[in-house]
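Keeping their order, the protein sequence lines are chains A and B.
One point on numbering: in the working numbering, the residue at position 14 of the first sequence is 10, and numbering is uninterrupted.
One point on numbering: in the working numbering, the residue at position 83 of the second sequence is 70, and numbering is uninterrupted.
In short, the hints are calculated from the structure, not lab data.
Every value quoted in this text rests on a predicted model; they were computed, and no experiment measured them.
Idealized CB from N, CA, C, for every residue including glycine.
A hint or two may mislead.
With a cut-off of at most 30 Å between alpha-carbon atoms, the simulated DSS-like pairs for lysine-lysine come out as follows [claimed, not checked]:
| # | chain 1 | residue 1 | chain 2 | residue 2 |
| --- | --- | --- | --- | --- |
| 1 | A | K58 | B | K4 |
| 2 | B | K88 | B | K4 |
| 3 | A | K74 | B | K88 |
| 4 | B | K(-12) | A | K58 |
| 5 | B | K88 | B | K44 |
| 6 | B | K44 | A | K40 |
| 7 | A | K7 | A | K67 |
| 8 | A | K79 | B | K88 |
| 9 | A | K11 | A | K74 |
| 10 | B | K88 | A | K40 |
| 11 | A | K67 | B | K44 |
On the chain B side, residues computed to face chain A include the following (Cβ under 10 Å) [unchecked claim]:
| # | residue |
| --- | --- |
| 12 | K(-12) |
| 13 | P31 |
| 14 | S33 |
| 15 | C77 |
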Amino acid sequence: EAGVAQSPRYKIIEKRQSVAFWCNPISGHATLYWYQQILGQGPKLLIQFQNNGVVDDSQLPKDRFSAERLKGVDSTLKIQPAKLEDSAVYLCASRTAGLSITDTQYFGPGTRLTVL
Amino acid sequence: KNQVEQSPQSLIILEGKNCTLQCNYTVSPFSNLRWYKQDTGRGPVSLTIMTFSENTKSNGRYTATLDADTKQSSLHITASQLSDSASYICVVTGWYSSASKIIFGSGTRLSIRP
């Protein structure tokens, strides 16, 4: 079974520039998550999709971050304009839409963003 | 406030030794608790999952315990290997209005020295 794919793996930009990350979840997984992980910290949820609908985006800085999941499969996360404090690893995860409390999130390798 | 706190923040042990990582949480109502291993430059990978009724779960040399009354969990690693060097993240899921809420701890950074 193929895992969660993310690209690019690394990105370096200057502040005020724009950047976009792409995620392809595991086939058949209806739920998709984007997390921000700052060095030395645990992942922080940015947005959760169920198919192509948003379930939770309460911690997404909507003035500069946006995400979409057209057709309920792949997803993109965009930052415009980037700030220095956005330097972090952006993780994508997916899981099935089942109600089993033991369903596991599967994480991609992440995209490491450095804002200069 | 729903929180997950882990200790220690970092730990260095010699290869072959055992160690125990701690996780305290205040997430309520509680659904399940997972321990993840995150290698440098990789995404987290699930090691164990425990629900309210389970108090211990093993995965090879990893053994997790859960005390739902005191809201504490531990991850015990036996006979550590160099490949165990990683961050270990405790993740607690709660249920709110028929939707799950996943709370991550900050992780314990474990380094195994030869």
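* Satisfaction of hint between A/K67 and A/K7, Cα-Cα up to 30 Å -> 26 Å, holds
* **Restraint status (C-alpha distance of B/K(-12) to A/K58 at most 30 Å)** => Between B/K(-12) and A/K58 the Cα gap is close to 23 Å, so the pair holds against 30 Å.
* Take the C-alpha atoms of A/K58 and B/K4, compute the straight-line distance between them, and say whether it is at most 30 Å. => Between A/K58 and B/K4 the Cα gap is close to 47 Å, so the pair fails against 30 Å, i.e. violated.
* Does B/K4 lie within 30 Å of B/K88 when you go C-alpha to C-alpha? -> 35 Å, violated
* To do: Please work out if A/K67 and B/K44 have their alpha carbons no farther apart than 30 Å.
  => Violated, at about 38 Å.
* To do: Quickly compare the C-alpha distance for B/K88 and B/K44 to 30 Å and report which way the hint goes.
  => Answer holds: B/K88 to B/K44 is near 22 Å, not above 30 Å.
* **Hint check, B/C77 versus chain A [nearest Cβ-Cβ separation less than 10 Å]** => 8 Å, holds
* Going straight from one Cα to the other, do A/K11 and A/K74 come out at no more than 30 Å? -> Within the cut-off at roughly 14 Å; holds.
* To do: Under 10 Å, Cβ to Cβ, is where B/K(-12) needs to be relative to chain A, so tell me if that hint holds or is violated.
  => For B/K(-12), the interface hint is violated, since the closest Cβ of chain A sits about 14 Å away, which is over 10 Å.
* Asked: Between A/K79 and B/K88, does the CA-CA distance stay at or below 30 Å?
  -> 28 Å, holds
* **Holds or violated: B/K88 to A/K40, with C-alpha atoms at most 30 Å apart** => 12 Å, holds
* Asked: Are B/S33 and chain A close enough, Cβ to Cβ, to be under 10 Å, as the hint says?
  -> For B/S33, the interface hint holds, since the closest Cβ of chain A sits about 5 Å away, which is under 10 Å.
Against the hints set out earlier in the document, violations occur for numbers 1, 2, 11 and 12.
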